[in-house]
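Trainee: Each step along the sequence shown adds one to the number in our numbering, with nothing skipped, and position 55 is 62.
Derived from the structure by calculation, the hints contain no laboratory data.
Because the structure is a prediction, the values reported are computed rather than measured.
Keep in mind that the hints are not guaranteed to be accurate.
Below, simulated DSSO-like cross-link-like pairs (lysine-lysine); rule was C-alpha separation at most 30 Å, straight line [unchecked claim]: (1) K172 <-> K185; (2) K193 <-> K125; (3) K125 <-> K172.
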Amino acid sequence: MQEVKVEASFGSPRESTTAGDALLNIPISLLARGLTSLGLMRRDLDYHLLRASMVLIFLLFGYQKWFEYEAQVLIPFINNGPLISWMYPVFGVRGASWFLGVSEWLFGGLLFLGFWNKRLGILGAAGSCITFLATVSIIPFMPDGWARSAGGFPAMAGNVAFLMKDVVLLAVSFYLLKQDVQRVMKPQQAGAPV
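Work out the full structure, taking the sequences as your base and the hints as a guide.
Mentor: In structure tokens, the structure reads:
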């Protein structure tokens, strides 16, 4: 069967595609135009939505850390966390939970202030990166984290499934850190005061 080549109607730079790809481009083009006309493709909307989401996550997760039930829930995570297991000998069970709560509120507050002050945003995003590096580092050490009945890895079970969201939150934290550093450096590179 001979392959028919047509010019793509969407995308940059223009590339030659098959007829099937061209048919797919029609709904994609319509969707892209519709989203653009709604203002959803505005230049910094993704950046602001991610920042606001992280602020909300740190606010809510930090709030939980002040209660006994959360201190008890954290025990298997902290006990098996290679970067955070030092907290129980230093602070105790409740103290470790409070320490995490204060840290989460601090990083969330710095991320919030980052809407207006990118230097503070850098501190918040760096703290967020550290937070999620610490939680992601728990995954390989969590007992019974992989479902034996399904053959083990990659079938997640229990606490590992809960922790996997932190991989995405780490990526978001790194994105915010990169964006804030670029925004601080851009005026400096142009010779303007920051």
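Trainee: Can the restraint linking K172 and K185 be considered satisfied, given a maximum Cα separation of 30 Å?
Mentor: 20 Å, holds
Trainee: Decide if the proposed pair is consistent with the structure: K193 and K125, CA atoms, cutoff 30 Å inclusive.
Mentor: Holds, because 11 Å separates the two Cα atoms, which is no more than 30 Å.
Trainee: Decide if the proposed pair is consistent with the structure: K125 and K172, CA atoms, cutoff 30 Å inclusive.
Mentor: 26 Å, holds
Violated hints: none; the structure is consistent with every hint.
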